[in-house]
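A.B. asks: This is what each chain is made of:
There are 2 protein chains.
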Amino acid sequence: MEVVNRYVATRHHIEGAPTEADFEVKEEMARWAPDSGEVLVRNLYLSIDPYQLNRMKRSSVTHLAVEGILPGQRITTYAAGEVVASACEEYKAGDKVAGVLGWEDYTLFKPSPAVVMSKVADDAAGFPLSHHINVLGTSGMTAYGGFFEVCKPVKGEKVFVSAASGSVGSLVGQFAKLAGCYVVGCAGTAAKVDLLKGKLGFDDAFNYKEEPDLKSALKRYFPDGIDIYFENVGGEMLEAALANMNPYGRVALSGVISEYTGGARRAVPDLLEVIYKRITIRGFFAYDFLSKFAEFNAVIGGWVRDGKVQVLEDVSDGLESVPSAFAALFRGQNVGKKLVKLA
Amino acid sequence: MEVVNRYVATRHHIEGAPTEADFEVKEEMARWAPDSGEVLVRNLYLSIDPYQLNRMKRSSVTHLAVEGILPGQRITTYAAGEVVASACEEYKAGDKVAGVLGWEDYTLFKPSPAVVMSKVADDAAGFPLSHHINVLGTSGMTAYGGFFEVCKPVKGEKVFVSAASGSVGSLVGQFAKLAGCYVVGCAGTAAKVDLLKGKLGFDDAFNYKEEPDLKSALKRYFPDGIDIYFENVGGEMLEAALANMNPYGRVALSGVISEYTGGARRAVPDLLEVIYKRITIRGFFAYDFLSKFAEFNAVIGGWVRDGKVQVLEDVSDGLESVPSAFAALFRGQNVGKKLVKLA
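Protein sequence lines correspond, in order, to chains A and B. So the first sequence is residues 1 to 343, counted in UniProt numbering. So the second sequence is residues 1 to 343, counted in UniProt numbering.
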């Protein structure tokens, strides 16, 4: 079987904030054969995540954990789709899957323990397919693993979440409330702040763009100090959080989006604060928790089903919208998980 | 009983590198009464530690963990001495003690659970009294707790120690060898480097002052990467270590002496490195391990007795030498634990 596969590629390495012009849609033929052992997936929802920018830089540390992206080449991403043709027993045509696919119409993969892919149960639970690359996918794993396993919250602790209306932050804040914590989030617009305090049930929230001094802002929102900081931003926000942390505070380093584009100045943490308050700063990412995927999803799925966790999805239509959807992340234009739905 | 007590005080707050002129020796009368419940100690060895500088600044974070030092006032320190008079049952004249005393000839204390003080056994083991404020005191606790409890070393792991000829670093390197690790230390003179590679048994060592590029220096000394970094220095050294760390690396943040005086630029860690390598950075200090003091000292004492750990002591004579001994720490002039012996 042969299909025309359109895919999004970078035109060149990207060093600053991405724009639509940095990308192009290309075409190739995707060939599947019955003796290939491969599975051909038609992609239905693509995940649009900030960390991809680090893979697009000429030289970056990302080669340590994830492959760099070469100009003109296909771009892997977490995505969900439907099996069109399968040359192996585990999958058959019509199966829904979620895992590492691509910013493209079709992806071929060969099942192996090294391939991150799961069949999505035939929706007994009634979750939309998109949830499987969001709250029941990498965003959920990042939020759940980062909050419960890295931060080890105790009931009553004070939690600060940056980029709190984003895909991960919006979940962390809700998880923290379910864990009995006091939660304050920050975001970049008044509408997002309302969303955090309203629909998402944060105890409080503020617009960081309206705060000339982040240290004193956090002092106001956390008169008793911060026990847990779930970090999605970096730069001055990390410095301000450290200055307001309590002894034995924990910082879960999930992302530092302000530092990805090179536009903001990087964090210069006060290491004396870290020593004297015995703070732990720990970097992690979703795939660290792959072995606990089913366990996490059982809990998260229950919360979503019971209406205890609200899922925010910000969906663009069509493969052509991938570049603008991606660029929008760095302008703070998404609310919740940014996805692209393919026709 | 009344004794003349000479004590070392700061003349003013100190913001940069300290000099002898920042201090003065003052006098007061120390009064002990039989109904006071107090113990009068004649101090014999005083500990001289870099962190004290942070207590001497006008405004510092140190108030969070340790009391600030006011100009003209007595200065508390870890020290060892002999009981001269006691108004409580647990102590009697002639007992040797180690704990929080002062940069002074005599200290009065009232036993309570909040007071860090221990009687030093009448030297069945034959350890010199000075060891009780060094390898069997805070330096040993910092090195042992920081290395074994914070870093959780595994045999064969690669360990980097900065300020490796200092009081804590010299012990960490030896403990790491005993744990079956590969250990490289850095120090600031050729003689110190020889000491690390010779007497202390480090696998390798280098003079950081002779390395124009710390990142490439560490790449040379750790072709397979660093698993554990025991941090005593801060600044560029931390950045270079992070750049060379392996996935799941651990940084034990014990001190950042290069940042205490404001002379060197502060560390701007690459947070993407921390995320993608899932590095943990953890601040701690000796008193975090107070409950394990006896347990640690049983192990450390055994190693010292068996000659498996060499103890470096750099002793100055007389209370008048405290200011110069302290200032020397920031010029890298000490080798091992800096102590002042009182006559």
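Just so you know, the hints here were simulated from the structure itself, not pulled from any lab data. A portion of the hints provided could be inaccurate.
Repeated chains share a single entry, so a pair holds when one copy, or any two copies, can fit it.
To be verified - Within a straight-line C-alpha distance of at most 25 Å, the following computed DMTMM-like cross-link-like pairs (lysine to aspartate or glutamate) qualify:
1. Lys308 / Glu28
2. Lys57 / Glu236
3. Lys155 / Glu27
4. Lys292 / Glu313
5. Lys199 / Glu320
6. Lys292 / Glu210
A.B. asks: For each hint, tell me whether it holds in the structure or not.
C.D. replies: Tested hints:
1. When the C-alpha separation of Lys308 and Glu28 is checked against a cutoff of 25 Å, the pair qualifies neither within a copy, at 44 Å, nor between copies, at 66 Å.
2. Proximity of Lys57 to Glu236 under the C-alpha cut-off of 25 Å is found in both arrangements, the shortest distances being 23 Å within a copy and 24 Å between copies.
3. For a Cα distance limit of 25 Å, the shortest separation of Lys155 from Glu27 qualifies neither inside one copy, at 52 Å, nor across copies, at 51 Å.
4. Taking the closest pair of Cα atoms, Lys292 and Glu313 come within 25 Å of each other only inside a single copy of the chain (24 Å); across copies the shortest separation is 50 Å, beyond that limit.
5. Neither within a single protomer nor between protomers do Lys199 and Glu320 lie at most 25 Å apart by alpha-carbon distance, with minima of 31 Å and 66 Å respectively.
6. Taking the shortest Cα distances, Lys292 and Glu210 never come within 25 Å of each other, neither inside one copy (39 Å) nor across copies (48 Å).
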